[in-house]
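**Q** Each chain is listed here by its residues.
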Amino acid sequence: MSIAKMNKVTVIGTKDKEEEILKKLRKLGFFQVEDTSHIVEDEEFREIFEKQDKNNEIATLNQKLVTIEKAIANIRKCHKVKKSMFASKEYYEELSENIAESSYCDVQKINQLAEQIEINLGKVDELNQTIAELEPWINFTLSGDLKNVNYIKVMLGTISVKYKREPIEMALNKEKLEYSIHLVNKDKNNKYVAIVTKQDQLVQARRILKSFEFCEKAIALEDESILDQIQKAKQEVAELKKQIEDDKAQIKPEQIKVFENLYDYYLNERDLKVVEKNIVTTKNTFYLEGWMPKGCKIENNHNFMIKMREEQANEEVPVLVKNSRLVEPFQSITNMYSVPNKHELDPNPVMAFFYIVFFGLMLSDAGYGALLALACFFIIRKKKYARGEGNLVKLLAVCGVSAVIWGIFFGSCFGNLVPLHAVIDPLNDVMPLMGLALLLGIIHIYVGMFMNAVELVKQKKIFDAICDVGFWYLLLTGVFLLVIPIVAGDIGVWSEVGKYLAIAGVIGVFLTGGRKEKGIKKVTKGLSSLYGITSYLSDVLSYSRLMALCLSTGVIAQVVNLLGGLVGPIPAVFVGIIGHGFNLANSALGSYVHTSRLQYVEFFGKFYEGGGKEFTPFQYKNKYTRIKEEF
Amino acid sequence: MEFLEGLANGQFLAILGASIAIIFAGMGSAKGTSIAGQAAAGAVSEDSSKFGKLLVLQLLPGTQGLYGFIVAFLILSKAGLLGTTVALTTGQGFQLLASGLAIGITGLVSGVAQGKAAAAGVGVVAKNGDDLGKAITIAAIVETYALLGLLISFLAYNGVVVG
Chain A
21 MSIAKMNKVT VIGTKDKEEE ILKKLRKLGF FQVEDTSHIV EDEEFREIFE KQDKNNEIAT
81 LNQKLVTIEK AIANIRKCHK VKKSMFASKE YYEELSENIA ESSYCDVQKI NQLAEQIEIN
141 LGKVDELNQT IAELEPWINF TLSGDLKNVN YIKVMLGTIS VKYKREPIEM ALNKEKLEYS
201 IHLVNKDKNN KYVAIVTKQD QLVQARRILK SFEFCEKAIA LEDESILDQI QKAKQEVAEL
261 KKQIEDDKAQ IKPEQIKVFE NLYDYYLNER DLKVVEKNIV TTKNTFYLEG WMPKGCKIEN
321 NHNFMIKMRE EQANEEVPVL VKNSRLVEPF QSITNMYSVP NKHELDPNPV MAFFYIVFFG
381 LMLSDAGYGA LLALACFFII RKKKYARGEG NLVKLLAVCG VSAVIWGIFF GSCFGNLVPL
441 HAVIDPLNDV MPLMGLALLL GIIHIYVGMF MNAVELVKQK KIFDAICDVG FWYLLLTGVF
501 LLVIPIVAGD IGVWSEVGKY LAIAGVIGVF LTGGRKEKGI KKVTKGLSSL YGITSYLSDV
561 LSYSRLMALC LSTGVIAQVV NLLGGLVGPI PAVFVGIIGH GFNLANSALG SYVHTSRLQY
621 VEFFGKFYEG GGKEFTPFQY KNKYTRIKEE F
Chain B
3 MEFLEGLANG QFLAILGASI AIIFAGMGSA KGTSIAGQAA AGAVSEDSSK FGKLLVLQLL
63 PGTQGLYGFI VAFLILSKAG LLGTTVALTT GQGFQLLASG LAIGITGLVS GVAQGKAAAA
123 GVGVVAKNGD DLGKAITIAA IVETYALLGL LISFLAYNGV VVG
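If you're matching them up, the sequences are chains A and B in order. Quick note on numbering: the first sequence equals residues 21 to 651 in the numbering used here. Quick note on numbering: the second sequence equals residues 3 to 165 in the numbering used here.
One should not assume that every hint holds.
Listed next, the in silico BS3-like pairs over lysine-lysine satisfying Cα-Cα at most 25 Å (straight line) [as the list claims (entries may be wrong)]:
#: 1; chain 1: B; residue 1: K52; chain 2: A; residue 2: K643
#: 2; chain 1: A; residue 1: K109; chain 2: B; residue 2: K136
#: 3; chain 1: A; residue 1: K633; chain 2: B; residue 2: K33
#: 4; chain 1: A; residue 1: K404; chain 2: B; residue 2: K55
#: 5; chain 1: A; residue 1: K641; chain 2: B; residue 2: K52
#: 6; chain 1: B; residue 1: K136; chain 2: A; residue 2: K103
#: 7; chain 1: B; residue 1: K129; chain 2: A; residue 2: K641
#: 8; chain 1: A; residue 1: K643; chain 2: B; residue 2: K33
#: 9; chain 1: B; residue 1: K52; chain 2: A; residue 2: K403
#: 10; chain 1: B; residue 1: K52; chain 2: A; residue 2: K97
#: 11; chain 1: B; residue 1: K52; chain 2: A; residue 2: K626
#: 12; chain 1: B; residue 1: K55; chain 2: A; residue 2: K403
#: 13; chain 1: A; residue 1: K643; chain 2: B; residue 2: K55
#: 14; chain 1: B; residue 1: K136; chain 2: A; residue 2: K402
#: 15; chain 1: B; residue 1: K129; chain 2: A; residue 2: K633
#: 16; chain 1: A; residue 1: K100; chain 2: A; residue 2: K143
#: 17; chain 1: B; residue 1: K55; chain 2: A; residue 2: K641
Output of the computed footprint for chain A on chain B, the stretches with three or more beta carbons under 8 Å from beta carbons of chain A [claimed, not checked]:
#: 18; segment: 66 to 73
#: 19; segment: 137 to 144
#: 20; segment: 149 to 157
Take a look, some chain B residues computed to stay more than 10 Å from chain A by CB distance [as the list claims (entries may be wrong)]:
#: 21; residue: F5
#: 22; residue: E7
#: 23; residue: D49
#: 24; residue: V88
Everything labelled a hint here was simulated from the structure, so no lab data went into it. All C-beta atoms in this analysis are idealised placements derived from N, C-alpha and C, irrespective of residue type, glycine included.
Given the sequences, and given the hints that come with them, work out the whole structure.
**A** Okay, here's the thing in structure tokens:
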């Protein structure tokens, strides 16, 4: 519920203990290390301190990380291990350097094996191609006496089936060539032929055959028969395949877990080196500065010196916002706009409340809300998120519940699929819905102004709080009471009350608006601050988007149902699933976007300063594994 | 004469209104998503893992078309073209036609404009994927005006009494 106070901590120790102490801090996970390397630039300290050059080590570790990722990808490819979308992460195990090194050898081995497999697979492909080429000739053998006769040439090749034997023979006869043609095999497109000619007539024969699109194959016949060649290739393929299987057997899928852990180990090692870059050393000692939330303690077993002091008012202190489990996911929304600064109220609890209400109102469908919430709770259960993880999913789960409540209020469950009694029917009760949207807007804005007043009172600026918030409350309430009768009918004595409130407000704002100016400017500034009413009114009207998005969800859902009704019962199921699925996704995105905008522009604009720096403690940052809570 | 009568037919005018709503708003969205999509495709060619995030950005200018569709559908249903037939006077037809104009034209202009803002947002996400929320918010500010158009279209539509 608040912004934590910080202590500035200085740690000095001997150089040989540096890594040990840093690892301890990493384990504790509540210490933010400051960059002190700029001390070295200082004239006074230049002689004493030096920076630590860790760039080479960092580069080596980065290289290792890439190699491990490659190995993990290789194992996945080799065993078709699928990553479950909802699987929770394994617990992280700290490794010793030796174990890590030996695991890393395994990583390299896996990569080598994978490379070998890749090469062998290429060879198998090549051999299979050869076999496919030889196959049609399988029955062709060269009788022993032809083998060693060197004035004869045997050509193997294919000829398209469209050429008959006779024209070829006629062409060859015309040139008075000696030859014989044997048909070895035939398929749909080609005839596989063996043509025997004399060596000295080879050139002419080839020329003639070329005109018949004879395609000669380079198949060696002298040493082995074609059958033998095929068998030999097949045997080779079998051997290679066995080799591949053997190699694959050496790549074990369970190694993924080990490697993932190893990856995280090296990742944290690298982060450690990056932190070390920020720490300056003398000849024998190191000097470390940082921030720690008040109340956290580092156990000191006398091998380093530690000094703590409270934060000072003019310092730039990292901001740690502490909130309940319910509000925590919404901090990411606020942080996207700006991190609160340490002087102001934590806006998150109030923001979260309105976020939940507005998101639900925009999604406004019990069925969609239930689906969204169930899906998110399912993911949360499966993934076992720790605090601070999966914020968007947690946020959507809560907002889904809100949408269920609003959906029941609007009588909408998958549009009009499930008949519910509506308190306000968005399509028919237009004015009440509009009124509700604007009323929520007025409340939201008033709360924002109230937060501003609290800030001002905290800074002992009570007069400012009365002028900038109090008079505006009077003026705005008065104006709203005056406007209501115009659109919604008589409200009796209240419009009279509104008139006086508005007058009091106008006078107040006019007289105090220019209180910080001098001379004639007091009057002009007072007048111009009255003009600020327009910005408040446009802010309120901006909440009409609550109604617009609510309508948009409802109407599209009804259109889907109508289309489903037109196509008959079985296609209707498909229309329903696709249509409602699309509408849910689109409306949820719209609700997320527009609720955020209302917070950022209309709400935060009233009081929120932000500009703080987020507290980022040095801790384990794992990719594949998670840390046990009590590590 | 029959031609003129046809033009003054209430149902014809209502269909014209519905068409205007969907045509212009659809044009705005088509152009907008195409502008954002071109930028997104460029960013995907650099880093294909950002596809999911960029798709969200590309989708943002798509809502205008949807709003146009909502209004067109409502007009058609009120004109009795989707179910039970109702008699529509020329005046009512013109009123429905006018109600479709609001979302049609705000949708056209804001769709294209939002597409440009979303395309700029693609650059933000391409540099740092964690800033998706910021890029979305920037582009979403433009959509306000389409939403207001939708609202006026709906209020006007709702005010037309038929039957």
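**Q** Would you mind marking each hint as holding or not holding in the structure?
**A** For each hint, the structure was consulted:
Between B:K52 and A:K643 the CA atoms are separated by roughly 18 Å; this keeps the pair inside 25 Å, and the hint holds. With a C-alpha separation of about 29 Å, the suggested pair A:K109 and B:K136 falls outside the 25 Å cut-off, and the hint is violated. The hinted pair formed by A:K633 and B:K33 fails the criterion: a straight-line CA distance of about 40 Å is larger than 25 Å. Distance hint between A:K404 and B:K55 is fulfilled; the C-alpha atoms sit about 24 Å from each other, no more than 25 Å.
Of the pairs offered as hints, the one joining A:K641 and B:K52 holds, with about 21 Å between alpha carbons and a cut-off of 25 Å not exceeded. For the hint linking B:K136 to A:K103, the alpha-carbon distance of about 30 Å lies beyond 25 Å, and the restraint is violated. A distance of roughly 21 Å separates the Cα atoms of B:K129 and A:K641; the hinted pair therefore holds under the 25 Å criterion. Annotation: proposed proximity of A:K643 to B:K33 is violated, straight-line Cα distance about 39 Å (limit 25 Å).
Between the alpha carbons of B:K52 and A:K403 the distance comes to roughly 22 Å, so the proposed pair stays at or under 25 Å and holds. Restraint check for B:K52 and A:K97: satisfied, since their Cα atoms lie roughly 22 Å apart, inside the 25 Å limit. A threshold of 25 Å between alpha carbons decides the hint, and for B:K52 with A:K626 the separation of about 35 Å lies outside it, so the pair is violated. Restraint check for B:K55 and A:K403: the C-alpha separation of about 21 Å stays at or below 25 Å, so the hint holds.
As the CA atoms of A:K643 and B:K55 are separated by approximately 20 Å, the hinted pair is consistent with the 25 Å bound. Restraint check: the Cα-Cα separation between B:K136 and A:K402 comes to about 29 Å, which exceeds 25 Å; the hinted pair is violated. At most 25 Å may separate the alpha-carbon atoms for a hinted pair to count; B:K129 and A:K633 meet this at roughly 21 Å. For the given pair, A:K100 sits about 22 Å from A:K143 by alpha-carbon distance, which is consistent with the 25 Å threshold.
Distance hint between B:K55 and A:K641 is fulfilled; the C-alpha atoms sit about 23 Å from each other, no more than 25 Å. A count of 4 residues in the segment 66 to 73 of chain B with a Cβ less than 8 Å from any Cβ of chain A is obtained; the coverage claim is therefore met, three being the minimum. With a threshold of 8 Å between beta carbons, the proposed coverage of the segment 137 to 144 of chain B by chain A holds, since 4 of its residues qualify and at least three are required. Requiring three or more residues with a Cβ within less than 8 Å of a Cβ of chain A, the coverage given for the segment 149 to 157 of chain B holds, as 6 such residues are present.
Listed as outside the interface, B:F5 is consistent with that label: its C-beta sits roughly 32 Å from the nearest C-beta of chain A, beyond the 10 Å cut-off. B:E7, annotated as away from the interface, keeps every beta carbon of chain A farther than 10 Å; the closest lies near 31 Å. At roughly 16 Å, the least C-beta separation between B:D49 and chain A is larger than 10 Å, which holds for a residue marked as non-interface. Every C-beta of chain A lies more than 10 Å from that of B:V88, the closest at about 17 Å, which supports listing it as non-interface.
Hint violations for this structure: numbers 2, 3, 6, 8, 11 and 14, all remaining hints satisfied.
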